[in-house]
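On the provided structure of chain A, position chains B, C and D as indicated by the hints.
Residue numbers (our numbering), protein chains in the order written: chain A, 426 to 851; chain B, 426 to 851; chain C, 426 to 851; chain D, 426 to 851.
Heads up, a few of these hints could be off.
Any copy, or any two copies together, can satisfy a pair, since identical chains are not distinguished.
Said to hold, decoys possible - Below are the DMTMM-like pairs computed for lysine to aspartate or glutamate, each with C-alpha atoms no more than 20 Å apart in a straight line:
no., residue 1, residue 2
1, Lys559, Glu622
2, Lys843, Glu721
3, Lys496, Asp814
4, Lys559, Asp831
5, Lys478, Asp633
6, Lys496, Glu506
7, Lys687, Asp505
8, Lys559, Glu506
9, Lys474, Glu455
10, Lys474, Glu451
11, Lys778, Glu427
12, Lys843, Glu732
13, Lys654, Glu721
14, Lys687, Asp445
15, Lys496, Glu451
16, Lys778, Asp800
17, Lys438, Asp602
18, Lys438, Glu721
Hints in this document: simulated from the structure, not taken from any laboratory.
Number of protein chains: 4
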Amino acid sequence: MEPSERAASLLVKLRAFMSDHVYPAEPILEAHAASDRRWEVHPKVEELKALAKAAGLWNLWLPRDSGRLLKIAPGRPGTDESEADAWMRGPGLTNLEYAHLAGCMGASVWASEFFNCSAPDTGNMEVLLRYGTKAQQERWLRPLLLGTIRSCFAMTEPAVASSDATNVTSSIVRRGDSYVVNGRKWWTSGACDPRCELAIFMGKTTPDGTPGVPKHRQQTMVLVPMRTKGVTVVRPLPVFGYDDAPHGHAETTFEDVVVSVKDAELLGEGRGFEIAQGRLGPGRLHHCMRLIGMGERALTLAARRAEARVAFGQPLSRNASVLQTLGRARVTLDGARLATLDAARRLDAEGNKAAKGAIAACKVAAPAAAIAVIDAAIQIHGALGVCDDTPLARMFAGARTLRLADGPDEVHLETIAKLEVRRSRM
Amino acid sequence: MEPSERAASLLVKLRAFMSDHVYPAEPILEAHAASDRRWEVHPKVEELKALAKAAGLWNLWLPRDSGRLLKIAPGRPGTDESEADAWMRGPGLTNLEYAHLAGCMGASVWASEFFNCSAPDTGNMEVLLRYGTKAQQERWLRPLLLGTIRSCFAMTEPAVASSDATNVTSSIVRRGDSYVVNGRKWWTSGACDPRCELAIFMGKTTPDGTPGVPKHRQQTMVLVPMRTKGVTVVRPLPVFGYDDAPHGHAETTFEDVVVSVKDAELLGEGRGFEIAQGRLGPGRLHHCMRLIGMGERALTLAARRAEARVAFGQPLSRNASVLQTLGRARVTLDGARLATLDAARRLDAEGNKAAKGAIAACKVAAPAAAIAVIDAAIQIHGALGVCDDTPLARMFAGARTLRLADGPDEVHLETIAKLEVRRSRM
Amino acid sequence: MEPSERAASLLVKLRAFMSDHVYPAEPILEAHAASDRRWEVHPKVEELKALAKAAGLWNLWLPRDSGRLLKIAPGRPGTDESEADAWMRGPGLTNLEYAHLAGCMGASVWASEFFNCSAPDTGNMEVLLRYGTKAQQERWLRPLLLGTIRSCFAMTEPAVASSDATNVTSSIVRRGDSYVVNGRKWWTSGACDPRCELAIFMGKTTPDGTPGVPKHRQQTMVLVPMRTKGVTVVRPLPVFGYDDAPHGHAETTFEDVVVSVKDAELLGEGRGFEIAQGRLGPGRLHHCMRLIGMGERALTLAARRAEARVAFGQPLSRNASVLQTLGRARVTLDGARLATLDAARRLDAEGNKAAKGAIAACKVAAPAAAIAVIDAAIQIHGALGVCDDTPLARMFAGARTLRLADGPDEVHLETIAKLEVRRSRM
Amino acid sequence: MEPSERAASLLVKLRAFMSDHVYPAEPILEAHAASDRRWEVHPKVEELKALAKAAGLWNLWLPRDSGRLLKIAPGRPGTDESEADAWMRGPGLTNLEYAHLAGCMGASVWASEFFNCSAPDTGNMEVLLRYGTKAQQERWLRPLLLGTIRSCFAMTEPAVASSDATNVTSSIVRRGDSYVVNGRKWWTSGACDPRCELAIFMGKTTPDGTPGVPKHRQQTMVLVPMRTKGVTVVRPLPVFGYDDAPHGHAETTFEDVVVSVKDAELLGEGRGFEIAQGRLGPGRLHHCMRLIGMGERALTLAARRAEARVAFGQPLSRNASVLQTLGRARVTLDGARLATLDAARRLDAEGNKAAKGAIAACKVAAPAAAIAVIDAAIQIHGALGVCDDTPLARMFAGARTLRLADGPDEVHLETIAKLEVRRSRM
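Next up, chain A with everything else stripped away, as it sits in the complex (with noise of 0.2 Å):
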């Protein structure tokens, strides 16, 4: 599970990139987003990208089979487009050699976007990528896959427990040649960027009871401009008392917006849940790769802190409680990082079904060890730990939501039950 030759040398590249740009900018982006400006993007993250696409550093999420998935035409020889037609291509990793790259990336909670590799972009681009028609990937995929815009995802809903997607109440209606969409949503997590230009949304085209239609084909994906006409940001929602500004988690209301079927349909009528449930698993190991980084980078700082730190007449990295706890953080994480790019490799080698229990098992395994490794590193820096000086205060708020998003911690634990039962009739 060591990284691949290729993903060795992008490693290379990006780490010195975290280190050249990405740590120096961080205080930066802290106090631009302490500032009252802080819905607003700070100049700094499109100058990061812009230096990313140059180091070759852009798009790395991007499946192998994305060329072959790619509707939108290539560019000319010799141009500009054809400079932009390899960054919408990116290098076309697996998912084990992406996975060191994204634990890499997560080190720092704002590096993802800099290399246009954050969600929930990814999620909506490959949803895109493999459902859009040509036309769609040339206004959205094309725009999104280049940095230009950013999108959101409209999914989860206040009135309903979203851990089965079934659940939404949101409704799709046809009429003519349009649907018209009403729906409270909330978690719309991007949606109060100012660059966020679409949202894809989810709700029933059929309604509950409707003879003849199962439970999971009532649901349709669909398209909607974020300027379009019945579409509202209510309001950010913090997390643990971050807005995330200029990103944002939003409740939103969409009512009696219409777009015309042609535009906005994604894969058919009826098949928004089959859409859900593709685009969860690579989404949820990138975020499992990105805790890592996140747990890597706390561990770091808290062996770093135990050394320069004296109490009681020496540094705390002599006290031995300070060093079991110190190890312990790192076979903690260890587990974790391994299950992550087992289920990577597995993913890669056997597909999503086959992969599924080993997804679960670090969906479950890497916030758990983010969050122990975190927290452990918080206590050894002591009141720091939890102010907005270091990045660990943010990094939990972050980790700890990845206990609930994507499914719940209870929902996979399930999952990986059941096939454990069914593992143990052989």
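Just chains B, C and D, lined up with the frame of chain A:
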């Protein structure tokens, strides 16, 4: 350890006050805390303070012996002064009696202030009560007891480990009848409040290495009016994204601040460490009591959510795993609750020194229990639990800091362990 | 929750007895338990029972109301009978008073028997006290109270989950004035003891599906003399390798065992479940009290070992990590100790039903705390801790079974959770 | 980290062997272990050893380079000697290949011996392979490799902390061409076995404080035939009540035991510590691999039990809380499994020193995971789980000792932490 008759009767009143006034005010205060005017005090706060005074729920924290310690001249009977006099004396409860009441207050993070029972004012008032001259009490203790001003406690410094209070590096230099105060402090909680008028400041009057002066006799505490030249509130420090406005946890600097020795000095030169030690016993206990209250609130919210929320076709409260979580939360919380009450009982019956181990034990148990219960409640709430539509996330942040504030877990556990080793010799 | 004066004075005596007699006897009994003669009762046991009687430390568990319930004719004053009479009545303590004493006894796994306070005899005696006829009390309760015979409780069956007592499949069939008893039981603790004369047996007098008989009225309890034809002790079941000889946890069979209805029947046909429920409240509490005592013993041994053992150039007690472990152990143990005392207090003050949640809570907390503390003590002892040169390994095995015996954790947690949900509605 | 083709093919054979021969033999061996003849070797053991040899499943643990190290003359082709020769060489697997096989063997506590893969013989054979003279190999290594004798390792002493191997106090005094060996050892595993012929003994040839001799050059290892005058097996030490007969963990004394220097000395005077260090790397890994196997077995048993056992009207496998437990067990076990495989991979690829941190990490993770999973399985089994009708309780005892044996958790965590601090400087 059940509440005495007096405590029970106050508890009935307090619970009614919480239901009638505090819980309904929470959304208002939460919204204010998210607004641009959050550094101003919301009028609701003063309104509720007046109601609490009228209800006889004022200064409940004041210790039994406070009447004896108060040097402020009593008001003339039959005047407003006499009413104020009663407010300034409070009911004079034992620690065990107060424990039950503070537990109840802890259920809302905003509540303690309404009853003039919030940190760091209570600790500061206790210092003034025990060590203040008549003049110091008239000038500072009177308005604090009446709730017309607030105060802060400037001890912790960014440069040194504050788990050992002898470490402070700030200097207090005698110049004639004055002290010149210099230092950089942080986590000066409450310093941002527009009503904050007073800092109790700890620094060294004797430099390190002065012959004949032991390490714990180098420190002195002085009263510094916040509006003195040279006092600067540099910035508020957020706690997991919460800035706790308008209270705020400030970084503060004191640059050549001049105060008169007579007005400023508390107890005497070189006795700052002694004051700090005494200040912490009941203060730690108050924190623990409130943490139990937080835990109780979280558990109630979790149980209600479990009944109300339907997932996979049944309320969560019929899911065996959710029940295990709720049951475990109660067991954890009750252990910490009883440990806190027992520490209060021992503090009353046997005094600070004999209760040292018990106080240290609940200082470890209560934050851990509160964190565990709140975290479980968040998980049961799903994404709702991490935003500010419930008090859970804010409570979590507060509870987490209390594994660090007033001594990190590790220091308390070491205290307990040394007592245990000593006991095992017998 | 401090011991009453009466309990405190008994506690002084009991502690002296433990130091003077019990701890010195431990190596003798441990060696006997490892010898070929371990299924015989070591003479030391009867010797210590006699000493305990003489010291007034006999039948301490007997509840306050036992005098009223005892139907045995009092002995003539001035004779041996009258002395026996006093022994049979015990001091009549409250549950809270006894809690302190049982905690002290728990420090040695051998101790309870010396004071006639060991399971399952105490539970059986309580059943006979509450539900036995005068004749049954004369025949069985008298020698049990005097410690001349022992008894066992045959309820658990290998074939069905015993967390639900209505599940028993053994049959008790009426034939004229007799009952014919058939069934396979296990975990019949004490059945291997050569002094064991009596089994209290639970079976169904009404088969499943009999119209008009509710599920919990099918069971009956009968007294079966061990030496009756058809009663077979099949084998002792080891607990983590310990067979607990000569007591033993037996698999037993009852094949066409005939007993007279009049002699055997307790309380009446169909009331076995009712008896079982009542039997468990105080019994669970006794187990918890003893578990706390085990934990205290383990913690003392750990602290002593930490002081005595040198590793890497210093005693373990100067290693910060060992101190964290000791401190954490005390915090854990105290939470469980207070929870147990509080449950005893509530049982005394409010009765079985109101104390249900509190008893369930300590039934979860006490084994968990004991296991955690004993396990930590084992780790501090190194390899010494897993063998029988200290009482730790045997205690561990005993404590671990109590996460299962008298209801597994899961059942108790569910009980607590349901009470919590109900409370949250208010 | 998937098994190589060679390992995969051996794994198929091994699994079949486990199902066909090992699991069916378990009740026989368990019954024997509970009988009076348990200190004799049951004939089934030798029978299964013969079958394993015949199946090519012999000496699987032997490292890749063992052919090169073996100084024993090869047998003449076409004779029995030549068959023995093949047995003595084993398949020569990498650590990673063997990891998969040892994991499979670990599922039964009895299994390793059948394949000549059990401790402490493997470690002793490795020492003889690396450091033994031709004569020593002929005399001791040949019969050990052929499984006709067994051996023990006499290092740990009751008087000193054995986490630091330089601590041994036993003495080895040169007298002419002989060494005179004196010392009290314990946890000399295997010394009770009637087939045990050899002890590898570690003692000091240079007393403390000898000028010019560093602390880790005072120790020497010598070969001591068990039947030498002065060697006494004092007693077997039980582990949580299990004496592991006929293997046994012995307390042994060596009183004026005389051995010839030429026959006995390994590697040279003063090089005992060096041998001890080298011996432990792969040995620790073997233990970890087997622990994973134990965990797998426990999880399978738990899942089966959950399906088979009905409580409160449904199989446990439909209870959400039981599913959480099973899911959590898999997550925990997989983290430790991958950590162990990764350590094996690194040991192969980078050698002992570079793999130090990884080996320490799995030495902490594997026992913890095994204990957690076995404990969960016991809880799911109820009372059945603590007795010997399943292998769970015995496995638990074995797994628990491995948080102590070959270095306690605390020592390994400190090793890891120090590496982490060093890494954080980069």
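A quick look at each hint next to the structure:
1. In this homomeric assembly, lysine 559 and glutamate 622 come within 20 Å of each other (Cα to Cα) only inside a single copy, at 18 Å, whereas the closest approach across copies is 67 Å.
2. Taking the closest pair of Cα atoms, lysine 843 and glutamate 721 come within 20 Å of each other only across two copies (16 Å); inside a single copy the shortest separation is 32 Å, beyond that limit.
3. In this homomeric assembly, lysine 496 and aspartate 814 never come within 20 Å of each other (Cα to Cα): the closest approach is 46 Å inside a single copy and 43 Å across copies.
4. When the C-alpha separation of lysine 559 and aspartate 831 is checked against a cutoff of 20 Å, the pair qualifies neither within a copy, at 29 Å, nor between copies, at 62 Å.
5. When the C-alpha separation of lysine 478 and aspartate 633 is checked against a cutoff of 20 Å, the pair qualifies neither within a copy, at 47 Å, nor between copies, at 55 Å.
6. For the identical chains of this complex, lysine 496 and glutamate 506 are intra-copy neighbours only, at 15 Å inside a copy versus 70 Å across copies, given an alpha-carbon limit of 20 Å.
7. Within a single copy, lysine 687 and aspartate 505 get their C-alpha atoms no closer than 30 Å, and across copies no closer than 77 Å, so neither meets the 20 Å cut-off.
8. Taking the closest pair of Cα atoms, lysine 559 and glutamate 506 come within 20 Å of each other only inside a single copy of the chain (17 Å); across copies the shortest separation is 74 Å, beyond that limit.
9. Proximity of lysine 474 and glutamate 455 under a CA criterion of 20 Å is satisfied intra-copy only: 17 Å inside one chain copy versus 37 Å between copies.
10. In the homo-oligomer, the alpha carbons of lysine 474 and glutamate 451 lie at most 20 Å apart inside one protomer (14 Å), although the nearest pairing across protomers, at 42 Å, exceeds that limit.
11. Taking the closest pair of Cα atoms, lysine 778 and glutamate 427 come within 20 Å of each other only across two copies (19 Å); inside a single copy the shortest separation is 24 Å, beyond that limit.
12. With identical chains, the CA atoms of lysine 843 and glutamate 732 are at most 20 Å apart between copies only, with a shortest distance of 10 Å across copies and 45 Å within one.
13. Taking identical chains as interchangeable, the C-alpha atoms of lysine 654 and glutamate 721 are never at most 20 Å apart, the minima being 45 Å within one chain and 45 Å between chains.
14. In this homomeric assembly, lysine 687 and aspartate 445 never come within 20 Å of each other (Cα to Cα): the closest approach is 46 Å inside a single copy and 55 Å across copies.
15. For the identical chains of this complex, lysine 496 and glutamate 451 are neighbours neither inside a copy (37 Å) nor across copies (53 Å), given an alpha-carbon limit of 20 Å.
16. In this assembly of identical chains, lysine 778 and aspartate 800 lie within 20 Å of each other by CA distance neither inside one copy nor across copies; the values are 34 Å within and 31 Å between.
17. Taking the shortest Cα distances, lysine 438 and aspartate 602 never come within 20 Å of each other, neither inside one copy (49 Å) nor across copies (64 Å).
18. For a Cα distance limit of 20 Å, the shortest separation of lysine 438 from glutamate 721 inside one copy, 18 Å, qualifies, whereas the shortest one across copies, 40 Å, does not.
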